[in-house]
Amino acid sequence: MPAFEFAAPGTLQEALKHFAGQGTVRALAGGTDVIDQLKTARRKADLVVDVKRIPELQRLEMTADGLHIGAARCCTDVHHNPTVRRYFAALAESAGLVGSVQIQNRAAVGGNVCNAAPSADTTPALLIHDARAVVVSQRGRREIPLTDFFSGPGQTVLQKGEILQELILPVPPANSASAYLRFIPRNEMDIAVAGVGSYLEIDPGTNYVRRARIALASVAPTPVRARAAEQVLEGRPLTEDQVTMAAEAAAQAASPITDVRGSAEYRKELVKVLTRRTLAICQERIAGVHRKGPGH
Amino acid sequence: MAKIPISFKVNGEQQEMLVEPDWTLLETLRDRMRLTGTKEGCSNGNCGACTVMIDGRTACSCLVLAGEADGREVITVEGLADHGHLTALQDAFIKEGGLQCGFCTPGFLISATALLKRNPDPSEQEIRLNVAGNLCRCTGYDKIVRSIQDAAQKMGTRAAN
Numbered sequence: 001m002p003a004f005e006f007a008a009p010g011t012l013q014e015a016l017k018h019f020a021g022q023g024t025v026r027a028l029a030g031g032t033d034v035i036d037q038l039k040t041a042r043r044k045a046d047l048v049v050d051v052k053r054i055p056e057l058q059r060l061e062m063t064a065d066g067l068h069i070g071a072a073r074c075c076t077d078v079h080h081n082p083t084v085r086r087y088f089a090a091l092a093e094s095a096g097l098v099g100s101v102q103i104q105n106r107a108a109v110g111g112n113v114c115n116a117a118p119s120a121d122t123t124p125a126l127l128i129h130d131a132r133a134v135v136v137s138q139r140g141r142r143e144i145p146l147t148d149f150f151s152g153p154g155q156t157v158l159q160k161g162e163i164l165q166e167l168i169l170p171v172p173p174a175n176s177a178s179a180y181l182r183f184i185p186r187n188e189m190d191i192a193v194a195g196v197g198s199y200l201e202i203d204p205g206t207n208y209v210r211r212a213r214i215a216l217a218s219v220a221p222t223p224v225r226a227r228a229a230e231q232v233l234e235g236r237p238l239t240e241d242q243v244t245m246a247a248e249a250a251a252q253a254a255s256p257i258t259d260v261r262g263s264a265e266y267r268k269e270l271v272k273v274l275t276r277r278t279l280a281i282c283q284e285r286i287a288g289v290h291r292k293g294p295g296h
Numbered sequence: 297m298a299k300i301p302i303s304f305k306v307n308g309e310q311q312e313m314l315v316e317p318d319w320t321l322l323e324t325l326r327d328r329m330r331l332t333g334t335k336e337g338c339s340n341g342n343c344g345a346c347t348v349m350i351d352g353r354t355a356c357s358c359l360v361l362a363g364e365a366d367g368r369e370v371i372t373v374e375g376l377a378d379h380g381h382l383t384a385l386q387d388a389f390i391k392e393g394g395l396q397c398g399f400c401t402p403g404f405l406i407s408a409t410a411l412l413k414r415n416p417d418p419s420e421q422e423i424r425l426n427v428a429g430n431l432c433r434c435t436g437y438d439k440i441v442r443s444i445q446d447a448a449q450k451m452g453t454r455a456a457n
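Protein chains in written order, with this note's numbering: chain Y, 1 to 296; chain Z, 297 to 457.
Bound conformation, chain Z alone (with noise of 0.2 angstroms):
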């Protein structure tokens, strides 16, 4: 199969590159551009571990193909970071221990992101419905939906003063 170019954004970047048809932009993202924090977990689209924000909305990036990318512009969870400062939903997740293992938090961390940006004050039961596309098989939960309440709360807090 012939090669497609693409031109897309990640993390701020501009990239070009040739992609193979039937590439999904989550082999582009770990394969190509070594950029291992997205992780693929189901590869059916029913776990969020390879959420990604695509032009600032979340997406599985196991259901996407490269191609599609064109021209947008994708976030990765290593791009939440700010010149090597966390973001502070990081810093909940870190002091709030939201994580066991990792490997569910570069989604969880896309999809919260992407939350707060839409509504800074969520309720707990719009937090837990914001996030039912992430799987996470130790934490039962409750730590991750307290770091993003931290991180809400704390990004109020600064918004306001």
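Just chain Y, with the same shape it has in the complex (with noise of 0.2 angstroms):
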């Protein structure tokens, strides 16, 4: 590995102060990521810190305006979160499909965020609950909505000295739920040919849909909303025409690329495949039907 220095602020500030210093300082959450890319030269560093000490980025709690999760905060513990699990189930859910139970208790959601891969899989699931990304630095804080925080495959709208401190997601009301699916040829231990991540809330009375979110993984350089699906399903009643129809949209929201992985065509046929799933979960767990909760 290319040689570095190394520090573990147990402070805020004393973590800002380093990043504010001179050359390529780059945080260390989990390491799973970024050690196999500072071993690969794929990223490079002349500081690594080690922010798994700073108590604001070990957060994980609910309060009145949201669920505040710390950038260092691993999926394992986001996984396993009764919170998590009760109110985000997608994230639940996605925090445990990221590698394997080794990478998960290392591996952190917000480093996940932070490291931008297009298939990143628990960034559709913050997606689609609204996720706000807290930036800090030593000039102050800044909050980002999460879907204007990726500019390319790899890239952030971080700039010199900002590092990610949290994630806020807004409480979802009453008669929402959410879900996230991925596709990979195995059962576990791969990156997501397509994955997908749907919300929904519903009046009960009317049947109508208040709010749609779609979110996609591994079908565009970025992780993206599918806004178009989103706009299909909102404000009608929820039938098996809107949800083809949404799914018709989605597909058509992705742009993927071919490689080994899939040809972009099966990609897209994916997304269309899992929105449609994830769309019928969510309705299944807001009727209360619980076979289909978070898997462990």
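Certain hints may be false.
[Said to hold, decoys possible] Covered stretches of chain Y (chain Z as the covering partner; in silico rule of three or more C-beta atoms under 8 angstroms from a C-beta of chain Z):
no. : stretch
1   : 5-15
2   : 46-60
3   : 120-126
4   : 180-189
5   : 254-267
[To be verified] Using 30 angstroms as the maximum straight-line C-alpha spacing, the simulated DSBU-like pairs for lysine-lysine come out as follows:
no. : chain 1 : residue 1 : chain 2 : residue 2
6   : Z       : 305       : Y       : 39
7   : Y       : 39        : Z       : 299
8   : Y       : 52        : Z       : 305
9   : Y       : 39        : Y       : 160
10  : Z       : 305       : Y       : 160
[To be verified] Some chain Z residues well away from chain Y (every beta-carbon gap over 12 angstroms; in silico):
no. : residue
11  : 305
12  : 308
13  : 353
14  : 369
15  : 381
16  : 382
17  : 383
18  : 386
19  : 391
20  : 393
21  : 429
22  : 434
23  : 449
24  : 453
The set of hints was computed from the structure by calculation and includes no laboratory data. Glycine residues also receive a C-beta, built at the ideal position from the N, C-alpha and C atoms.
The two chains are supplied separately, each in an independent frame; assemble them into the complex guided by the hints.
Below, the structure written as structure tokens:
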């Protein structure tokens, strides 16, 4: 591995001083992406800052303004958290899909976001729950809607000196539910050929969709919302035809590449299928069918 | 680069040392401490041969920097046996033939130990899911799964008596 310095600050203030310093300063949360990237020289660092000892970055709690997930909090903790499982099922599901148990024990949901892989499993779940990224530096604090956080494969809008402190997800109202599914050709330990997260909020009296969110992984340079598909659903009753039209619109929102995992056409077809399936799971969950709760 | 001081527990023993900032925990265990039970396979978190426990949770030690281990408690395969007495899981791997070349075995033993601590009576599916981060190119996994099932059963019987 190319040589670098290492620091493990215990306070946010101390950490921000490091990130404001000279050279390339890289945050290390779980390290499961960044250490491999440093080894293979895909990313460089003069200084690696372990952010796991900063209390603000380990936060995991629900308050009046939503669920706060500290940027260094690991996937295992998020996957098993009862509040996450109850209100943010898609996130609980996706945090349990990232790599192996060993990886989930280290890898952070915030790290999955900052690594900005188009295939990041937790990102669609965060997008459909309208997550905001709280970004801090010595210059201050700003909030960025997660939809505006990604600028390309492996690229984010984080500026020099800035780090992700936490993600905030608003508390979902009653009669809402979310789900995430990905397709991989095996049972585990793989990168999504395509992934779809869906969120539905339904008026129980009329069966009208109050709010819909659909987000896609592995089918564009960044994780993306399928806004046209959301608009197909919103303000109308949730019928079979509407779901079919939304699935078509979601596939149109995908701009996949053909690679070793699958062709562009195949990925679009997968988006269609996974959109239908995740919407069906949302419906079941809203109706109180617990058969498909997030698994272990 | 300036070396950094770390202080951590390995298999119950407190260790103090200076490490290079770019050393992984795996390099520190194998090359510095000569704990060569932990193996290096893929070096990128896919194979699980380097699995150790850090504060009771499994991790690929090839993807952990030595500095991250400061203040933590690490258990390697050398730390599983109690004063030379193999654990029920280790005995089961021998009895059921849960290994051939043996290279992946330390990682499997650590993953399965952590699983059985969390879930003493796992289903076959739970076992397979929990060792999915450990690759074995010899056994085809069936004997490994049987070893873990056998250990769970023995440990359950012992706990019941």
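Hints versus structure:
1. Only residues whose beta carbon comes within less than 8 angstroms of a beta carbon in chain Z count, and the stretch 5-15 of chain Y has 3; three or more means the coverage holds.
2. Closer than 8 angstroms: that is the beta-carbon criterion, and the stretch 46-60 of chain Y has 3 residues meeting it against chain Z, so the requirement of 3 holds.
3. Remark: the stretch 120-126 of chain Y is not confirmed as covered by chain Z, as 0 of its residues place a Cβ nearer than 8 angstroms to a Cβ of that chain, below the required three.
4. Closer than 8 angstroms: that is the beta-carbon criterion, and the stretch 180-189 of chain Y has 3 residues meeting it against chain Z, so the requirement of 3 holds.
5. Residues of the stretch 254-267 of chain Y lying with their CB closer than 8 angstroms to a CB of chain Z number 0, which falls below the three-residue condition for coverage.
6. A threshold of 30 angstroms between alpha carbons decides the hint, and for residue 305 (chain Z) with residue 39 (chain Y) the separation of about 26 angstroms falls inside it, so the pair holds.
7. At most 30 angstroms may separate the alpha-carbon atoms for a hinted pair to count; residue 39 (chain Y) and residue 299 (chain Z) meet this at roughly 19 angstroms.
8. In summary, the hint linking residue 52 (chain Y) to residue 305 (chain Z) is supported, as the alpha carbons are separated by about 19 angstroms, within the 30 angstroms threshold.
9. For the proposed pair residue 39 (chain Y) and residue 160 (chain Y), the alpha carbon gap of about 22 angstroms is at most 30 angstroms, so the pair holds.
10. Simply put, residue 305 (chain Z) and residue 160 (chain Y) have alpha-carbon atoms about 36 angstroms apart, too far for the 30 angstroms limit, and the pair is violated.
11. The beta carbon of residue 305 (chain Z) is kept farther than 12 angstroms from every beta carbon of chain Y, the shortest such distance being approximately 17 angstroms.
12. The beta carbon of residue 308 (chain Z) sits about 21 angstroms from the closest Cβ of chain Y, which is more than 12 angstroms, so the claim that it is off the interface holds.
13. At the 12 angstroms boundary, the C-beta of residue 353 (chain Z) falls inside the reach of chain Y, the nearest C-beta of that chain being 4 angstroms off.
14. For residue 369 (chain Z), the requirement that its beta carbon stay farther than 12 angstroms from each beta carbon of chain Y is met, with the minimum near 14 angstroms.
15. Annotated as non-interface, residue 381 (chain Z) keeps its C-beta farther than 12 angstroms from every C-beta of chain Y; the closest such distance is 27 angstroms.
16. Distance check for residue 382 (chain Z) against chain Y: the nearest CB is about 23 angstroms away, which clears 12 angstroms, and the non-interface claim stands.
17. Here residue 383 (chain Z) stays apart from chain Y, with its beta-carbon at least about 19 angstroms from theirs, past the 12 angstroms limit.
18. At the 12 angstroms boundary, the C-beta of residue 386 (chain Z) stays outside the reach of chain Y, the nearest C-beta of that chain being 20 angstroms off.
19. Every Cβ of chain Y is farther than 12 angstroms from the Cβ of residue 391 (chain Z); the closest lies at roughly 25 angstroms, confirming the non-interface assignment.
20. Non-interface status of residue 393 (chain Z) relative to chain Y is upheld: no Cβ of that chain comes within 12 angstroms, the nearest being about 24 angstroms off.
21. Consistency note on residue 429 (chain Z): stated as away from chain Y, yet its beta-carbon is not over 12 angstroms from all of that chain's, at 2 angstroms minimum.
22. Consistency note on residue 434 (chain Z): stated as away from chain Y, and its beta-carbon is indeed over 12 angstroms from all of that chain's, at 18 angstroms minimum.
23. Listed as outside the interface, residue 449 (chain Z) is consistent with that label: its C-beta sits roughly 21 angstroms from the nearest C-beta of chain Y, beyond the 12 angstroms cut-off.
24. Consistency note on residue 453 (chain Z): stated as away from chain Y, and its beta-carbon is indeed over 12 angstroms from all of that chain's, at 25 angstroms minimum.
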